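**Student:** Sequence:
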Amino acid sequence: MTAPEKIRRPNYWQVYLAFVRNSLVRDMMFRANFLIVMLSSLAWSIMNVGFYWIIFQHTQSIGHETGWGRSEFFVFMGTTWIINSIVQAFFMPNSEEFSELIRTGGLDFALLKPIDTQFLISLRKMNWSSLVNLVVGVVLIALSLIEMSGLAKNPWQFEPVSAVLYPVYIVCGVTILYSVMI
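Residues in the sequence shown are numbered from 1 upward in steps of one, following my numbering.
Please note that the accuracy of each hint is not assured.
Estimated spans, in silico, between C-beta atoms of each pair [to be verified]:
1. Gln157 / Gln14: 40 to 50 Å
2. Tyr52 / Glu159: 21 to 31 Å
3. Ile54 / Ser162: 23 to 33 Å
4. Leu107 / Gly150: 52 to 62 Å
5. Ile62 / Asn11: 41 to 51 Å
6. Glu159 / Val139: 16 to 26 Å
It is worth saying that the hints were derived from the structure and are not from the lab.
Just so we're clear, the structure is a prediction, and the values are computed from it rather than from any experiment.
Where a beta carbon is used, it is the ideal one built from N, C-alpha and C, also for glycine.
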């Protein structure tokens, strides 16, 4: 009698990199479409910032004595864009086709794979053009923090605790949005 074979677990990092590569190849097959989607997303972001910029030309803060000035609001808006773009790029394409997997029987096929089903269904496809809003959000936050640090009244100051907690809160936001989405 032979010894039982050791069960090999899939290397999830290699599988994920294969998903990334396949999604990028899929998006690059139609380069013009990819660029148009990125440009339209960028234009939407610029128009959104412009809309709120116009509002803040006519008022100093949102709400009476709340402390939400233009810079604070743009930091909030940039953070929202970062969270949304991560979810839209990495989870939304898969969530949109989940009902199609059920209808066509593709979910049964995914359940039979020797890999974690939630990993496979959640991270199989990516939408790289959605990451434009992530870049715009980071730039918007950086510009707003620079503007806030130069304020005469109540200037923003860098704190190491904030630098550590901010990415943690971003991950929490993505996790909550993903949990609500599934």
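**Student:** Starting from the range 40 to 50 Å, see whether the pair Gln157 and Gln14 falls in it by beta-carbon distance.
**Tutor:** 43 Å, holds
**Student:** When you take the CB atoms of Leu107 and Gly150, is the distance between them in 52 to 62 Å?
**Tutor:** Given a distance of about 54 Å, which is inside 52 to 62 Å, the answer is holds.
**Student:** So the hint says 21 to 31 Å: do the beta-carbon atoms of Tyr52 and Glu159 match that?
**Tutor:** 26 Å, holds
**Student:** With respect to the beta-carbon atoms only, verify the hint that Ile54 and Ser162 lie 23 to 33 Å apart.
**Tutor:** 30 Å, holds
**Student:** Per the hint of 41 to 51 Å, is the separation of the Cβ atoms of Ile62 and Asn11 within bounds?
**Tutor:** 49 Å, holds
**Student:** Verify the CB-CB distance for Glu159 and Val139 against the hinted window 16 to 26 Å.
**Tutor:** 22 Å, holds
In summary, this structure violates none of the numbered hints.
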